[in-house]
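Participant: Chain by chain, the residues:
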Amino acid sequence: MPFIETKNLSFTYTDEDDPQPVLHEVSLSFEKGEFVAILGRNGSGKSTFAKLLNLVLEATDGTITIDGKSVHAELSEAEIIDLRKKVGMVFQNPDNQLVATVVEEDVAFGPENLGIEPAEIRRRVDEALEIVGMTDYARHAPHKLSGGQKQRIAIAGVIAMLPDCILFDESTAMLDPRGRAEVMETVEKLNREQGITVLLITHNMDEAVRADRVVVIDDGRVQMDGTPREVFAKVDELFALGLAVPQATELAARLELSGVPLTPVEGADAVENWFNT
Amino acid sequence: MKLELKNLSYTYSGGTTFARQAVDDVSAVIREGSITGIIGHTGSGKSTLVQMMNGLLTPSSGEVLLDGVNIFSDKKTLRDARFKVGLVFQYPEYQLFEETVAKDIGFGPKNQKLSPEEIATRTLEAADFVGLDRELLGKSPFDLSGGQKRRVAIAGVMAMRPPILILDEPASGLDPVGREEIFGGLCRYRDQTGATVVIVSHSMEDMARYAEDILVMSDSRLLLSGSRDEIFKNADLLCSVGLDVPEVTHLISELRRRGYDLPDNIYTVEGAEAALRALKAKLQREGATGC
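Protein sequence lines correspond, in order, to chains A and B. The first sequence: position 211 = 211 (the numbering used here), numbered continuously. Whatever position you read off the second sequence (first residue = 1), add 277 for the numbering used here.
No wet-lab data here; the hints were simulated from the structure. Values in this document were obtained by computation on a predicted structure and should not be read as measured data. Certain hints may be false.
What the simulated footprint calls covered on chain A by chain B, stretch by stretch (three residues with Cβ under 8 Å from a Cβ of chain B suffice, anywhere in the stretch; the number is not a length) [as the list claims (entries may be wrong)]: (1) 30-43; (2) 170-177; (3) 233-244; (4) 250-262; (5) 266-277.
All C-beta atoms, glycine included, are put in the ideal place defined by N, C-alpha and C.
The shape of chain A in the complex, shown without the other chains (with noise of 0.2 Å):
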């Protein structure tokens, strides 16, 4: 059983007269511990989907399943607080995601509002932070921290809360290179250390290519799905969609190379094959 299943699932903002449907039956399930990178343009209804998996908003149409069990309008406060741990976000600008002034009680933030017991933070706060490789900077405080530290902070957070599945909206548009290869490392490392299921919506093809799958979204519907190699060798469509694909995709298909490379090394090799022939 996939751990997230949607079923013709349908949004549509009620905006008075003007009703703006965003996403058209979307049927797309996840299994634990994949980690999948959701590709789309601004406005293709990637980030609504996200808020639905979330659910910060509601569906219009169709289900969604969690974990076994059914996201529905009857769910009780403690139901949707249950499913919401299950399913952990980081957004994109980590200056609204942190609320503490030292970084170890942020990190504590979200497992205090749950309840949860001093020693029982106190463990889950410490193996957060280690895992997200800030240990040293637990007495710290956040505002004095780069980018690439303060997501990790905020994904530390959302770690404590013991998810199954972490959502990345955009988690890296507004960092520096150094920030997105920091956070890069900490999403693969979640996913493959801790098991957890990992879905990326991102703009940055170099990210995608590290996922296990590819989904495209585009005018609220799912276009293509695949692994990265069989999505971004439609490189043409890609273009259509308005999006684009790994720098070494291009040069090999503007060569007429054979073979899809994702990253510089594939791309060399591609590069000296075709010198080969």
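Take the given structure of chain A and dock chain B to it, following the hints.
Facilitator: Leaving out everything else, chain B in the frame of chain A:
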């Protein structure tokens, strides 16, 4: 218009125990009519630096010279400088507030006390610069997409026709097409008005594509400045200060490491394609003559 920075420094909370030097002795000349990029890690001082360029922040020491005149010399010069140096902040779309797109774009020229006819002309011109459909001018800015709103906000500054236009992360959070629309608009503005455009960015790929000159900030200081080619040659140094070079440059470096004779100044996919085709042809010629 020539923009020159002379020994610029800025200290936040100066004179207190919280004092923090954000910009430390930066001197640079921004070439007139250039598209100049400013890159640097988070907290390197980029945003503080550009806020001094239009007089929004007063430097702790040093000068900002516009055609040789220090903009901080008196109140009038400072006020003039704010119109000559247009500054677009990050996420400028949050600052839209008028009823229509046209009014929002025309707000700056109105403040400049231009005639209604001139405001109308400037509004249309600015909409064209950023590639905004004129049919959108009568709409509420809040009915537009994120990318369109961003372009309205940028057009609002362009409508004042500043000879120097500075933008802090103008394409952040936009999809590839949205990014191209923004940068296309900035290039058109420069090409048609001869203005200087300064862009703060974290995207090495965008800088490789659009910037002609680049300033590199690191830990409050100016680490490097020069043409795009001169800057991106320092791949190791850039990586050591939290930056990077474009992916395609890594690909070409990998081939150079494997012994292929390729130039070391390739930063775009187009440039890589041309260089690789040339090398392939050369290898085939050599193969044919048996060398």
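Participant: Now tell me, hint by hint, if it's right for this structure.
Facilitator: Structure-based check of all given hints:
no. : hint    : in the structure
1   : 30-43   : holds (count 4)
2   : 170-177 : holds (count 6)
3   : 233-244 : holds (count 3)
4   : 250-262 : holds (count 4)
5   : 266-277 : holds (count 6)
Hint compliance for this structure: every hint is met.
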